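One-letter residues, chain by chain:
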Amino acid sequence: MLAKLALRNVRRSAKDYLVYFFTMTVVVALMFAFNSLIFSEEVRDMFQETGVMEVMLGLATFFIVLIVAWLINYMIRFILEKRSREFGIYLLLGMEKRQIARLYMRESVLLGAGAFLAGLVFGVLVQQILMSILYSMVLSDFRINIEFSRGCLIMTASCYAGCYLLALLRCKRRLKKMNIHGLMNAERQNEEIKESHEGLKRWLLPLSVLFLALFGAWLFYGKEWGTHTIILFLVGLVLVIYLFYMGLSAWIISYVRHEGNAIYAGQNLFLLRQFASKIRTMRFTMGTLTALFVLAFLGCSVAMMFNFYENQMLADKMPFDIHIHSSYVEDDFATELSVIENNVPIKEAYAYHIYENGTDVVNVWLYTHLKVFGDAYRKADGTPDLEAIRGERDFAAYCRYDTYMGISDYNHLRELLGLDTVALADDEYIIHIKDRVFRETGDFSDQLAIEGNGGALRFAGFHTEPFSQDGHNGGDYVIVVSDDEIAKMRPFYAQLAVELAGETPENLRNLLDDATRELDFKTSDPISDIDIAAMLNETECVGSDSILVWGANNLVRDNILVEMKCMLSTIIFPLTYIGLVFLCVALTVLSVQQLSDSAKYKFRYKVLRQIGMGAKEIAGLVLKQLLLFYLCPALFAAVIGGIIAGYVGGKFNFYAGVRTPAAVYFGISLVLFLGVYSVYFVVTYVGFLRNIESGR
Amino acid sequence: MNGYINVCDVEKYYGSEAGMTKAVDRVSFQVAEGEFVGVMGASGSGKTTLLNMLATIDNVTAGHIYYQETDITELKPDRLAKFRKENLGFVFQDYNLLDTLTIGENIVLAMTLQKKGKKEIKKESEEMMRLLGIWEIRNQFPYQVSGGQKQRCACARALINHPKLLLADEPTGALDSRAAETLLETFQRLNETRKATIFMVTHDAFSASYCSRILFLKDGKIFHELVRGQKGRREFLNSILDVLSVTGGEGDAR
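Residue numbers (our numbering), protein chains in the order written: chain H, 78 to 773; chain W, 17 to 270.
Treat the hints with caution; some may be incorrect.
What the hints assert, rightly or not - Which chain W residues face chain H? A few, computed with CB under 10 Å, are given here: (1) Arg95; (2) Thr116; (3) Leu147.
As the list claims (entries may be wrong) - The following residues of chain H were derived to be distant from chain W, with all beta-carbon distances above 10 Å: (4) Ser354; (5) Asp590; (6) Phe680.
I should point out that these hints are in silico values taken from the structure, not numbers from a laboratory. In this text, all values refer to a predicted model and were calculated from it rather than measured experimentally. Note that the Cβ used here is the ideal one computed from N, Cα and C, for glycine as well.
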């Protein structure tokens, strides 16, 4: 009998809580799809290097399990409250508490199991979409391949079961404590509106706004970044998110109480009161929803940043098909060339040198002026700390000396890249510098003194095209001088740039690495009189990039691109995953709240109809009411998320060199957000109208 | 058609042809301006259906209802809503106050929907609340006040826009006898001083005794009519009870 009752109840509540059911289905589908990335053989092959994707997705799953557990707990508690009278009647009829608890648990599990199965089916579809995105990101061809690995299924099921277990445990405690009177009256409880100290509480609203303004100002203009300040502001932010709603509700109530002019226009009085009382009773939930929205915004925005970085910057990082670095100036690259030739036809190979003349003028200037280095290379009085700059380091942005290149080498490389050649007089120099760095420094040639043999050289301009400057054609920059000048300098290290005539084989980089490792081994012969370690240390520099640094001797563009994209997708995917799930969870809570209210309080609309509102007017009123209720946490979250995303985006652009305005990342997240949001909104609106119509 | 409200041959059927229920069966009557009319009848006699049709919240199956020159059975839904807003006021057994609004705001809302100005709203709502003795509780929420006070608030809301007709469906049904008496006296006062036209459905003889005329409904038809005329309330109550004892209806002589 109990089983029958449970089944019937599920059928009824599944209709009432369609949005919840739908969200659980979506969550299972997402879980399944993302988990399948962890277990997919193909993906594992693609990400040969590390288990980064596994770790990142695992981490994302952890947070998602917590939030979904919160959602389930919230929903179970919520349904329990809605049906408290029914449970009270069961108790009155003589059912035992244990029986009711079991009945309710059984219902919840049935509902969950239904969502799980539906989610799996939907999940296979999402899996395909996800895989095709991943494949298109890493430049491979995608063919539909449905993977249904046991591991993935078990992981999804256990995550889901974990969520339920966490939620049910909490709920069981609640069920144990119930009594008939409490249950019968639970429905009436939240109708009581207690208004006290509204005058005081309303000041929380301007205080929250003030705090946000301060927070923004501190982020964008503040310089001191003490741990205490950060913790203080973060705690403050969390508090503000919660207190904001208390303040907003109190502000509206005070406004209505003081008979502000707006309440005398049309339906405003009803709208304001409805809204104030709703956010008042739900202020903690609203706070949590706002926090979830903010996290969803930030997750998507950061994913966008990396996505833009990938699209704009990666190809620029490696303009040559293959670029090989050797600290050994005598290197003729014979080994490397034979490895390449054995695998793919070469269109052109060009070996050349980077030179030095024992100066480090540009290095010193950059070390002391780029923001990324801060005060690390400056003394207290602001002068360059030469000891630190020239001292030994494990990981250097710039080489020991400034890097020079001859104009004919330079022009040859430009031709190789399809760029116009450059004319240079004997007493002139130009600087080829990374676009990102140049945007920060601007023209700083007047602060440099580049000495040639016959005295100071004249500055003839900057060039900023992509030029492989992560340690190959210098770190960040290379100074180009006439061939006469270069002839008088010492070769610093050797370079080989190669353009291929065919497609790059997948394992070319590994082959090259293996070959050069053997070579290194040979050259580190004790008889050799070169101090290899010192030479390596002096000629290896990766520039000042900080988002993705790929310091390697052998750069094979197409091989590395795939790996870099894989690495980036380990950040983009989990963040999008978190963003989507958090968004769905938050919107579900909003929708379910409104839908159940519409059923519970349909008499309000009946009353409005009696005092003369037409069906259209009521539909308009409901629309306004829902918009207010939906937009409030979303807008508030958008403001907080916007401030943080603007700041993070600015920093990201600064370090990554992406030209996209920071607002764009946030804008795209906002558009994505609005897409998901409108689905939930329309479903809720239609359901809301249907609920209140059914009372006619 | 010289009455204020004319109900002509109104019928209301429920169900399909196989199992048709005649809730209201060819009912005709008139209500004069400023009259306080009561409708009595046992459960299922069709009195609430009749009220709902007068209230424009239910359609007639056949027949016409005229408010002066306007035939509301011919109006489209949007016009009906407008008509309702401008001409009718409602008082129901379960008060139907908006629980998120205070007593005062419940009355103000009815006026703001009519797009009245702030000054007018403040002046008239205060007057009305004072008249009905709820001015002191204007800042309380419905759950904080008694049933009688809630019902008086509902009356104030119903009358604030000077409706042509006040419709009351068992208004004393949820009140104790003291509160019911106060409410009925309020109705009577409104009827006398403000010339409010009231149409009240009740099954309680005591409530009905405050009316100036009573229609008795049975199986969807008017089978009797009582006019108070110059009778005192006690005397009128006795006449009502006499009618009820003949028909076997519910009676409550207080």
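Against the structure, the hints:
Among the interface hints, the one on Arg95(W) holds; its C-beta lies about 9 Å from the nearest C-beta in chain H, closer than the 10 Å criterion. The beta carbon of Thr116(W) is positioned within 10 Å of a beta carbon in chain H (closest approach about 4 Å), and the interface hint is therefore held. The restraint placing Leu147(W) at the interface with chain H is violated, with a minimum CB-CB distance near 19 Å, outside the 10 Å limit. A cut-off of 10 Å between C-beta atoms contradicts the statement that Ser354(H) is not in contact with chain W; the least separation is 4 Å.
For Asp590(H), the shortest C-beta to C-beta distance to chain W comes to about 71 Å, beyond the 10 Å cut-off, and the non-interface label holds. Separation of Phe680(H) from chain W is inadequate, the least Cβ-Cβ distance of about 7 Å not exceeding the 10 Å criterion.
Comparing the model with each numbered hint stated earlier shows that hints 3, 4, 6 do not hold.
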